[in-house]
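Keeping the supplied structure of chain X fixed, place chain D upon it in accordance with the hints.
Sequences listed follow chains X and D, in order.
The numbering of the first sequence is our numbering, which starts it at 19 and goes up by one.
The numbering of the second sequence is our numbering, which starts it at 19 and goes up by one.
There's no promise every hint is true.
Note that the list lumps identical chains together, so a pair holds whenever it fits in one copy or between two copies.
Stated by the list, open to error - Taking lysine-lysine and the DSS-like style, the derived pairs with C-alpha atoms no more than 30 Å apart in a straight line are: (1) Lys308 with Lys428; (2) Lys363 with Lys42; (3) Lys182 with Lys332; (4) Lys42 with Lys210; (5) Lys230 with Lys302; (6) Lys230 with Lys333; (7) Lys185 with Lys157.
Hint data in this document are derived by calculation from the structure and do not stem from the laboratory.
There are 2 protein chains.
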Amino acid sequence: MKTYDVVIIGGSAAGITTAMTVRKYDATKRIAIISDVENVPIPCGIPYLFGTIFDPMKNLLPISSIVSANHIDWIVDKVTKINRDFKLVLTARNQSYEYHELVLAMGSYPLIPTIEGIQSENVYTIRKDPIYLQSIMNKLDSISRLVIIGGGFIGAEMAEECRKRNKDLEITIIEMQEHCLQMVYDSELYDKAENALRNQNITILSQEKVVKISNHNHYEVIQLDSNKTVEADMILLCIGCSANIPLAQEAGLKIGPTRSVWVDESMRTSDQSIFACGDVCEKKSFFNHKPISTKLASIATAEARIVGANIAQKKRTMSGVVGCFSTVIGGKTFSAAGLTETAAKALGYSVVIGQSESINHHPGSMPNAESLYVKLIFNQSDGVLLGGQIYGPSSAGELINAIAVMVASKSTANQLATFQFATHPALTASPIAYPIVNAAEMANQILN
Amino acid sequence: MKTYDVVIIGGSAAGITTAMTVRKYDATKRIAIISDVENVPIPCGIPYLFGTIFDPMKNLLPISSIVSANHIDWIVDKVTKINRDFKLVLTARNQSYEYHELVLAMGSYPLIPTIEGIQSENVYTIRKDPIYLQSIMNKLDSISRLVIIGGGFIGAEMAEECRKRNKDLEITIIEMQEHCLQMVYDSELYDKAENALRNQNITILSQEKVVKISNHNHYEVIQLDSNKTVEADMILLCIGCSANIPLAQEAGLKIGPTRSVWVDESMRTSDQSIFACGDVCEKKSFFNHKPISTKLASIATAEARIVGANIAQKKRTMSGVVGCFSTVIGGKTFSAAGLTETAAKALGYSVVIGQSESINHHPGSMPNAESLYVKLIFNQSDGVLLGGQIYGPSSAGELINAIAVMVASKSTANQLATFQFATHPALTASPIAYPIVNAAEMANQILN
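Chain X with its partners taken away, still in its complex shape:
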């Protein structure tokens, strides 16, 4: 039996970042990561395997350089049991590891709905497994009709990448909600995203629920609750993820309202020697501190930096999920941070909206000038920024992070209007038309 100061279960974004953070603040602690896979895909890169990167081995976390630079023991094995009384984990290879502090970072697995026929051999999920991902790509190259169930980020990115891979593939997205991506963007953005998908000859069937899948040997017939049917040679399930809790559950750790491992604001579970971070653990909204099920690598790493610091006695707490994400559809960037207008209203806020459309260079005669749209959502009662969305060129991917910081800092519309921003003809909108400022000023006309 080997003894470690810190044993981390799971070697993806959360586990790796926890280990690196502990090491930053403590040179001596003995740290082990136990991963049930040797090669860990970069989760956000998975859709881009299909039409851009192609080789799953080119989308891996650089585990060997990270573990050697940080003096971490990397153990490929599967934890089968946590013994809290003896502070041990037991593995499939019959090893046991003693921990002083244990970190649960075993992530999530794809949600599989309880639909008749869902277990068919032509139904695939997006698993974080390079070999499985390669098998999906192989299959894709032999079919003519792909159906993606779920029109969120992963579904939209997968549809576009499969289109890049194969110009002739029939691609259909089936989405339960009225619009793809409506959980993360307001209509100003999701309308453009849906149009960009349709322009790539991707069919969107919205407000449609799958009730049954029937196997016909080499293809499936998908029965929708509208009574429509869709034929598919291959079905990709992109409807989200569930926290990977069985091990924690079996160990008697408290499970929270979103079926994830409960943690306090220090990211400690109901056992003071066990932390959790990433997709496996419960999250609370930054805004109302109520449970929220958003799962993002950027949240996982923020949580991991809190866990790692707390293990190294550098006290940190989690202020809740802000929710910051970007994607690219049809060559345009769609970014969001904080609450959408719809989400803010659903939480009971009276909101004031500011919007601005400007050119991302100045003057507009500069090469590659493109339009950039910003929407900001403020709390009417105090003018505090609740969220923002951007549609436009790739610079939106970092501009959204200025908004993310303003949301996290609870900046007001009045502050936004007088912040100083770096501008440059080839890089940004002009200082007269800087979109965050102008959107804030629009809101200020209504606020107080």
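Only chain D this time, still in chain X's reference frame:
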């Protein structure tokens, strides 16, 4: 005589933004802008005329659409006198305009050092005048040796744009300091900038002071204090600007320590009915509230939004100059916000530095992946972010604005390390390697 609620002298970034801000908050005020030029160049775009845009008429503020959309009277005339007793301005065309509130936004003019021979016909400044700028371009096309005096932003941008315009031109920058751009960047960036200039066959003579310019008909001989001489067919002065204060001075308004119009934190001059904003007025540092002479369109517009709001009875105050700027040299972006390490030390701060170099996409196998370097400067005593610099791809131009917001919000290294940032394979570094976070964590290892 015509009467206005608000008369603004100057129609560039500060004047235009003041007028637009007043109009946002007050639909009824009668507003006039008096501009001594009909066509107002976009100031930051001027260098890009030379090798990118070419036509000065394609680098103009869209005055006509702004004034008509905002119901502003645009008067092309030159104010010759301010009569504070009668609250009047008098003009070169013998007009007089009565004001309730006057805004001084007449900007700055290029600094001309007192050097023998500086008035030679081959010595040019960068004036905000399309006709004059066209004449510089015409001249440039007929010469073979260009000397730029001053290696700050404008000098560096002018050198690169003149190189784009003419591959065979001999271009030399003469800089008094040890390095070009050393007032705005630390060595990690200015070394790269100087190399990028030299790689374009631009000669840099640093730590050299011009002592005399001798005219030899069609060319000039520049005498340096090292006793070297440099021949030039054309000399461009790029050594900065002076506030355009004669009118204010003559009107008896208080002038501040940087020879600019004194203002209080509401941007009011020593006359309660007169505001000033932009290059013409005194500025204070955000950090120590001492006078500072930084002149940027992004500061001017932030000040103008304070003036405009205060005129419309929506009280705002200026918190001081943060100093946010970007440029592009050799295809790479150089961005800064707040204090450099050198400047922070000069102000007496004990600083802690964090640095991170990462790839701007993830995985690194994504197309167009490039390295991105971030340096952060923290105050050792409280961990508050004092400044940041970025070198890398064009996304740095907006990423610096996340840093600008964190500086303005006085965020700590610990906050930076746990902020949530939007990441995406095609747009940003990975959440594990997000450079702001990792640079902050490096500083956190030293802080407390």
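Hint by hint, here is what the structure shows:
Taking identical chains as interchangeable, the C-alpha atoms of Lys308 and Lys428 lie at most 30 Å apart whether they share a chain (18 Å) or sit on different chains (28 Å). Taking the shortest alpha-carbon separations for Lys363 and Lys42, only the inter-copy value of 26 Å comes in at or below 30 Å, while the best intra-copy value is 41 Å. Proximity of Lys182 and Lys332 under a CA criterion of 30 Å is satisfied in neither setting, with 47 Å inside one chain copy and 52 Å between copies. In the homo-oligomer, the alpha carbons of Lys42 and Lys210 lie at most 30 Å apart only across protomers (29 Å), although the nearest pairing inside one protomer, at 43 Å, exceeds that limit.
Taking identical chains as interchangeable, the C-alpha atoms of Lys230 and Lys302 are never at most 30 Å apart, the minima being 34 Å within one chain and 68 Å between chains. For a Cα distance limit of 30 Å, the shortest separation of Lys230 from Lys333 qualifies neither inside one copy, at 50 Å, nor across copies, at 62 Å. For a Cα distance limit of 30 Å, the shortest separation of Lys185 from Lys157 inside one copy, 16 Å, qualifies, whereas the shortest one across copies, 53 Å, does not.
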